[in-house]
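J.: Residue strings, one per chain:
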Amino acid sequence: MIRYTEEELLQLRPTEPVKPNFDVDEFNAIIEKVKEIQEAHEEEFSHFRRRSSHHHAKPKFKHLKPKITTDEEGWSTLETAPAVRRKSVAEEEEPTIVIAQETLKVKPNKHISSSRPADARDIVADKPSKAFNAFAALESDEEEEQE
Amino acid sequence: MSVEEVTQKTQDLTVDEAKPATVLSDPKEFQLKHPLSSKWTLWYTKPPVDSSESWSDLLRPVTSLDTVEEFWAIQNGIPKPFDLPIKSDYHLFRNDIRPEWEDEANSEGGKLSYQFKNKRHNIDDLWLRTLLAVIGETIDEEESEINGCVLNVRKAVFKIALWTRTTNLNALTNIATKFKQVLQLGEGEKLEFYNHRTSNSGHAPPTALL
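Heads up: the sequence lines are chains A and B, in that order.
Quick note, the first sequence lines up with residues 1 to 147 if you use full-length UniProt numbering.
Quick note, the second sequence lines up with residues 1 to 210 if you use full-length UniProt numbering.
Isolated chain A, as found in the complex (with noise of 0.2 Å):
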């Protein structure tokens, strides 16, 4: 088996470029281009991307801290802000009364005095399942006899 040290290969590495026993320019330009897509690739995906914090500082979230003040019996409460402010709110406007000073102007309604149902199941409350006629009733009688 013949060996070769490292060191006495690299002896034989040339100073100058030497032609390979390929075509190396076709196979350095399959390179360029796989680089020059995935780099294409990699701008148009780079939107949709979630912002990753591994390699950055992470986010700062500011957390308000929930106020709470114990009273001189022992009783904690909890004061969040949102109700302190409505509570400010109240307290610093005064009930007011306005009133409106346009005229409004209401279009009637022109079916407020139709005899037609509001409402569709009114319709199958009120109406007779049908009507009385006393002239068919007295036929139907005589009918009945003359069997």
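The set of hints was computed from the structure by calculation and includes no laboratory data.
Fair warning: this is a prediction, and the values are worked out from it, not measured in the lab.
Don't be surprised by glycine CBs; every beta carbon is placed ideally from N, CA and C.
Do not rely on the hints blindly, as some may be mistaken.
Cβ pair distances, simulated, as ranges [as the list claims (entries may be wrong)]: (1) A:Ala-40 x B:Lys-178: 36 to 46 Å; (2) A:Glu-8 x B:Glu-29: 38 to 48 Å; (3) A:Asp-23 x B:Leu-32: 18 to 28 Å; (4) A:Glu-26 x B:Glu-102: 21 to 31 Å; (5) B:Lys-80 x A:Ala-40: 16 to 26 Å; (6) A:Pro-17 x B:Gln-181: 49 to 59 Å; (7) B:Pro-35 x A:Asp-23: 21 to 31 Å; (8) A:Glu-36 x B:Glu-189: 13 to 23 Å; (9) A:Gln-38 x B:Ala-171: 38 to 48 Å; (10) A:Asp-23 x B:Glu-102: 25 to 35 Å; (11) A:Lys-65 x B:Ser-52: 51 to 61 Å.
Short derived list, chain B residues pointing at chain A, Cβ under 10 Å [stated by the list, open to error]: (12) Leu-36; (13) Val-49; (14) Thr-63; (15) Ser-64; (16) Trp-72; (17) Ala-73; (18) Gly-77; (19) Pro-79; (20) Phe-82; (21) Glu-104; (22) Ile-135; (23) Glu-143; (24) Val-182.
Let chain A serve as the given structure and place chain B on it in line with the hints.
T.: Below, chain B without anything else, positioned relative to chain A:
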């Protein structure tokens, strides 16, 4: 012309020793080449850029070499590991062994692998040192246990592996010791050995740490 004169003329003659040109003396017209112990084939796995491309489309032999001069011509012409696109692989395998565990020469063997998580590592130099150790046959001293070597370029890591013909633990331990020197690893750093028979099903853990 007298005999003395002829004798004198013959003594004055100098025969030019026709030394063959080497790659160092004449890089274009050199005749002297240093043969390697085996023929080696360089393979390249192209990263997929289209979903229709299969593994067989992506893995291609680039060229073969059997002299030191051919090795340097190829090595100096092709992109270095750091310049390769992500998901590329270089494979240098002995003779016509395909860089696949299904190949008959690989089926009873495995791979000794190390993963460089820091991409600022001098991976170009480490890969070159691996290639020189493999073609120079200095990793396994007794038999040619090495079938080939592989470089994987991934998004966050580089991997360099030696593919072995068998899973003989004694041989692997000796190879691992020399391979760690080639990769300039520290005492505490371990190589992972994957047996091809057991590791071809998904992400199996390494068979041994050496």
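J.: Any hints this thing doesn't respect? Which numbers, in order?
T.: Numbers 2, 6, 8, 20, 21, in rising order.
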